[in-house]
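Student: What follows is the residue order along each chain.
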Amino acid sequence: MARTDPGGAAPRLGVGIMANLAIAPFTSVVGAVDYLAITPDMFWIDHGPRPDDGAERFADIPSWVAMLDASDLPMVSHHIGLSIASAIPTDPGYVAQMGAWAARWQAHWISEHLAFVAIAEGHDATAAGLALTAPFDQDVLDLAVGRARYVIERTGAPFLLENSPYYVTFDDSDMREAEFLNRFCAESGSGLLLDLHNLYCNAVNYGFSGHRFLDELDLATVVEVHIANGSELGGMYADSHSGAPPEPVWELLDDLVGRAPNLRGITFEFHDSYLPQIGFDGIADVIARARRAWSGRA
Amino acid sequence: MSLAGFQRAYADLAASPKLCLNVREDPVVALAGFDLDARERERLARAVWQRGMDANCTLYRATRIAALNAVIPLTLGLLRPLLRPMLEEFWEAYPVHDVRFARETARFVAWLETRPATLPEPAAEVIALARRELAFEETRLTGGDR
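Residue numbers (my numbering), protein chains in the order written: chain A, 1 to 298; chain B, 1 to 146.
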């Protein structure tokens, strides 16, 4: 079991939404949501590691950052570029930027996905082109734990790891996914960002019970939850953020909330291209239902 | 650094249905260029038979198309009848996705410029449209749209 609360001093925020450009007219209404989850990598240009020439590596995308300037909602940082499971050296410049961004926007915590998006290219690194999940092996665990400790040390912020959807499995992995996540949190001092739709994807694709998976997790590690929807992709059910969560995801949320004593927030994720289908009224319905679930928290 | 070799091979498989088929046919030969131990080689040889590897390949391609569509949607609209074989050729020439959308698109536009004979007429105007859309994105990224 987790010995301490991995959320640290972060407040209980309530129900939030993953920020995208289309959502500003909705979130600008007072009380519409309780916080914004930001993917900082979408708000800057990364020119890549630079020689010591004084040049700035990261530059704001002004039209996007303006959206954050206009908001006074609490924020949390949800990254996509740390590549926590990559067998390459940690990028200290990227981690420094994670910390700088969290400080600038007073992000209550920082999160990243359990995946690798960067791969070795000779002595350098290059993008894999998509996020892939490594086998749940001891060497991957050691790598991820070391990287998470480094992030916590450098940023001073609570760090959460998100469980990922996977479309290929390695059934001879050293451990099961839940054991991997529990050990990661215990050994690194991190918390869990439990994406219930990712869990649902894996449960659908590989025929297991998401509720039993919850039974295997140390739910005291769960600080944030994601809810979303998905769609068919190449014969699999994929996490496409395509609208209001399906009923089984709500059932997982209801099952979880009362058993996760350190839960700080429930975040709704949808891709802005689906806004015409869901509409602002549909988003409001999702937030309202999530708030009802939130009211049943431990 | 075997794990690095495994991740490299896994990512290359997700990017290439052709490599997946080659591994299905002869895993020893197709994976010979990667730094893998026996367990990793066995894992990948089994993985290429999973339905999910097809999904990974589809996702990889969808991500690359999304990058282009986000930056030069009007150009892609003009190219639509030719797009599938054209993208196959582009991906063959540039198998690794540059995840920065503007850079991936700049590479595609530069590639289009080398093959005007394959474009719809007037090809020069199609290329000019692509350049204008790309320039707009570059302006947006640097804040010149404000």
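Just to be clear, a hint being listed does not mean it is correct.
Stated by the list, open to error - Okay, the calculated bits of chain B under chain A, using three or more residues with CB under 8 Å as the criterion:
no. : stretch
1   : 8-17
2   : 40-54
3   : 81-87
Rather than coming from a laboratory, the hints here were simulated on the basis of the structure.
Where is the CB? At the ideal position from N, CA and C, for every residue including glycine.
Student: Determine for every hint whether it applies to the structure shown.
Tutor: Going through the hints against the structure:
1. 8-17: holds (count 5)
2. 40-54: Coverage by chain A holds here, the residue count being 7 at a Cβ distance below 8 Å.
3. 81-87: violated (count 0)
Figure legend: structure checked against the earlier numbered hints; the only hint not met is number 3.
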